[in-house]
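Q: Residue numbers for the sequence shown, in the working numbering: 368 to 1082.
Read the hints as simulated data drawn from the structure, not as lab findings. Everything numeric in this text was worked out from a predicted model, so none of it was measured. Warning: the hint list may mix true and false statements.
Using 27 Å as the maximum straight-line C-alpha spacing, the simulated DSSO-like pairs for lysine-lysine come out as follows [said to hold, decoys possible]:
| no. | residue 1 | residue 2 |
| --- | --- | --- |
| 1 | 1055 | 1000 |
| 2 | 561 | 1068 |
| 3 | 693 | 665 |
| 4 | 529 | 417 |
| 5 | 622 | 641 |
| 6 | 665 | 540 |
| 7 | 529 | 609 |
| 8 | 886 | 901 |
| 9 | 511 | 622 |
| 10 | 422 | 609 |
| 11 | 1055 | 1068 |
| 12 | 886 | 1000 |
| 13 | 540 | 622 |
| 14 | 511 | 561 |
| 15 | 665 | 701 |
| 16 | 609 | 693 |
| 17 | 693 | 641 |
| 18 | 553 | 657 |
| 19 | 529 | 553 |
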Amino acid sequence: MEPPSIHRLDEAVVNRIAAGEVIQRPLSAVKELLENSLDAGSTSISVTLKDGGLKLIQVSDDGHGIRYEDLPILCERHTTSKLSKFEDLQSIKSMGFRGEALASMTYVGHVTVTTITEGQLHGYRATYRDGMMEHEPKPCAAVKGTQIMIENLFYNMTARRKTLQNSADDYPKIVDLICRFAIHHKSVSFSCRKHGATRADVHSVATSSRLDAVRSVYGLSVSQQLMIVEASDDDPLSSIFKMEGLISNFNYIAKKATVVLFINDRLVDCGALKRAIEIVYAATLPKASKPFIYLSIKLPPEHIDVNVHPTKREVSLLNQEVIIEKIQSIIESKLRNSNESRTFQEQRMDPTPCVSMPVSKDPLSHPSPSGSKSQKVPVQKMVRTDSQDPAGRLHAYMQIKPCSNDKGSSLLTSVRSSIRQRRNPRETADLGSIQELTREIDSSFHSELQDVVGHCTYIGMADDVFALLQHNTHLYLVNVVNLSKELIYQQVLRRFAHFTAIQLSDPAPLPELIMLALKEEDLDPEGNEDAELKEKIAEMNTELLKQKAELLEEYFGIHIDSSGNLSRLPIVLDQYTPDMDRVPEFILCLGNDVDWEDEIICFRTIAAAIGNFYAFHPPLLPNPSGNGLKFYKRDPSDSHEMRDTSKSSDSVKEDIDDELLLEAENAWAQREWSIQHVLFPSMRLFLKPPTSMATNGTFVKVASLEKLYKIFERC
C-alpha cells in the first residue's frame, strides 16, 4: 500500500482539538475564569451556574475590566497581556499567560463578555464564536469590572456533553474549587449559587485572618481543630522556599482528606507532597480518619516551571524532593509537640427517662463531630417526635385515670427486659416445610415498610383498629389487627416446637367450646332445627383434634388431653395473654379451616389460626368512651332516655352498670397498653411486613411534613 499523505489540519479543527484539552469539563472553565478575575485585581467574584455549568457559567468580578480596543482580539488564540516573549515565563507571577482559556471556550460554547473600565460612562458587550468576535461591541449599562457568560458548553461535542450529563453533577466540584480559592485569597469575597436560587451555596467575605476564612467556608468545627505551621529555607545550595499553612490536629476526625495546595498563588496538585503528609498522619490518626491540610508555598519564579500541563493543574519544582522532605519534617514535629490532649465526644443516656427534663434547643450545645462541615437541616426535614418523650404521644393530651405507678413501671420494665433478651430464635425445626415457609417470609417482605416498623415512633390509637405512627417526617395510620396477625403468624413459624405454655385454671371441654362458636355464628340462635347438626359438627371436630393432639402439643404448645379438654395454650409474645373470649372461635377454626393432609398447608393454616386468635382485636365489650357508654345501662329498654338532653347527669350515672363498665374500661386500657409496650417493641424486632401490606390498607400515609411545608410556605 502507498503510505498515506500528510496534510495540514484546518485551523478550526486544530483549535477545537486544543480547546478540548484546555476545557475538559465545566470545572476547568470556572477555574480559568476565576484566575483571570484574580489577575484583574478583583476584590469580589460572583459565580452563577445552571445545570452544573453545561447550560450556563457566569463569572462577574469588580476588577480593572477590559479596554474597548482589546475586545476584537480578546478571544483569539495566544493573545495575552501577561507576557511578550518566552523568557518572561522565567519571572511570571500572574496565573494566566498562554491566552488559550477564553479562545478555547469560544470553540466549545457561546461566550458573551460585558465589561467597563474606570472612567468610562458605559460598558460594552460583545459575543464570540470560534475565536472571533461576531459583531461590533454594543454599548450597554454595566457595573465596574467584567462579566463573562458561557452558554451551552460542549454544544458541538456530543460525546463529551452526554458523558458529563450522565456523570455526577459538576456543581459540587465547582463549589469545592471556590472554597479552596476563598481560603487562600482571603482578601477577596467569593460567592457561588445555582441559577435562580436566592441563597448562595458559598459566600465568603474579605478578612485579614486565614482562620476566619476557613471558618466562613468550612465551618467552626474545622477551624477549631487547625494549627498554624510555618517553614522556610534560604540556602541556595539546597532549596529556597517559604511555606505557611494550617494543618489539623489529633482531635480532627473526617473520612476524606482535604489537601489544599497553592504554589506561588496557583492552585495545583502535588501527589508526592500529599503522600508524604498522609504518611505522617497515618501513624497517628485512627485508621478511618483523614487530615485537613492547607499549604501556601512561595518559591522564586525561576525555580518553578508553570508550563507543564494544559490546564496548569501541575507544576514542576526545582529541588522538589528536598522541599517535600523539609515540609514533612516540620509537620511531623508540629504534630508530635501538639499531642498533649485529645478530645472525645461523649454521649450520655438519661437513667430516668420517665422524668420530664428541659432540653436545650441551642445547636451549639451539641456540636457536630470535628472535621465535618456543619449542615443545617431544612425545617421540612426535621423530625420532632422523640420516642422517649411522652409529650409526643396522644395520651399526653387526654385525661387518664391514675394507676399504680409502682406496678405499672415494674411491669413495663419486665416487658422491655423480656423483649430485649429474647431475639428471633434461629433454631427452627429441621422440617423442610417450616424452612420453606420461613424462606417465603424472608424473600417477600417489603423493605421500605420494614424500615418504617423498625424505626417508627408510636403516637397513640386513632380509633379501635388504627394506630398513629411517625417515621421520619411522615405520619401513618396502621391497622393494628392486621399487623398483629402477621407478627404472630411469623413468630409461630420461627418459634416452631419451642413454645412455653399458658396453663388454663380449668380445662375447657372442646365440644362446649365448639358449640359456643357455632351459636355465635348462627344468625338465628333461638332456632332448634339445626341443633343436631351443630352437635354432630362439634363431635366430629373434637375427635379430629383429639387425633391431632400430639402434633398440636409437640409443635405448637396446644395441649388437648385424651378426654377432649383444652388445658394449655402457647405463649407467642412474652408478657401477652390473648383474649380468652375468642377461644371457642379458635378451636372451631382448628377443626374446620386446617388442611391436615398437606404438611406445608397444614402448618401454614395452623399458624394463621393462631395468628388470628392472638391478634390484638378490639375487646368484645364495646368501647365505653363516647357513644359506647349507652351499652352499659342496666335496662336496655330505657336506652332512649340517654338521648333525653333534659335528664340530669346524675340520673344517667345511676343507670350505668358500674361493674360491667369497669371491666370494659380495664379491657380497653389493657389492650392499648399492650399495643404500645408489647406489640410495637416486638414488631420492631421481629416483623418482616409482606409486600401486600403496602396496598391492602394496613399502612396509610396520612401526612408528610415536606408536603405540608410546601402548603404553608405558600400561605
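Q: Now look at each hint and say whether the structure bears it out.
A: Each hint tested on the structure:
For the hint linking residue 1055 to residue 1000, the alpha-carbon distance of about 44 Å lies beyond 27 Å, and the restraint is violated. Of the pairs offered as hints, the one joining residue 561 and residue 1068 is violated, with about 33 Å between alpha carbons and a cut-off of 27 Å exceeded. The hinted pair formed by residue 693 and residue 665 meets the criterion: a straight-line CA distance of about 14 Å does not exceed 27 Å. Between the alpha carbons of residue 529 and residue 417 the distance comes to roughly 16 Å, so the proposed pair stays at or under 27 Å and holds.
Taking the CA atoms of residue 622 and residue 641, the gap is about 16 Å. The hint holds against a cut of 27 Å. Under the criterion of a C-alpha separation no larger than 27 Å, the hint pairing residue 665 with residue 540 is consistent with the structure, at around 26 Å. Taking the CA atoms of residue 529 and residue 609, the gap is about 44 Å. The hint is violated against a cut of 27 Å. With a C-alpha separation of about 9 Å, the suggested pair residue 886 and residue 901 falls inside the 27 Å cut-off, and the hint holds.
At roughly 42 Å between alpha-carbon atoms, residue 511 and residue 622 are farther apart than 27 Å, so this suggested pair is violated. Taking the CA atoms of residue 422 and residue 609, the gap is about 42 Å. The hint is violated against a cut of 27 Å. At most 27 Å may separate the alpha-carbon atoms for a hinted pair to count; residue 1055 and residue 1068 meet this at roughly 19 Å. For a cut-off of 27 Å, the pair hint linking residue 886 to residue 1000 stands: about 25 Å separates their Cα positions.
Simply put, residue 540 and residue 622 have alpha-carbon atoms about 17 Å apart, close enough for the 27 Å limit, and the pair holds. As the CA atoms of residue 511 and residue 561 are separated by approximately 23 Å, the hinted pair is consistent with the 27 Å bound. Distance restraint check for residue 665 and residue 701: the Cα-Cα separation of roughly 20 Å lies within the 27 Å cut-off, and the hinted pair is therefore satisfied. Taken as a hint, the residue 609 and residue 693 pair is honoured in the structure, with Cα atoms around 11 Å apart against an allowance of 27 Å.
As the CA atoms of residue 693 and residue 641 are separated by approximately 13 Å, the hinted pair is consistent with the 27 Å bound. About 25 Å separates the Cα atoms of residue 553 and residue 657, which keeps this hinted pair within 27 Å; it holds. Proximity of residue 529 to residue 553 is assessed by CA-CA distance (about 37 Å); at most 27 Å being required, the pair is judged violated.
Checked against the numbered hints above, the structure breaks hints 1, 2, 7, 9, 10 and 19 and satisfies the rest.
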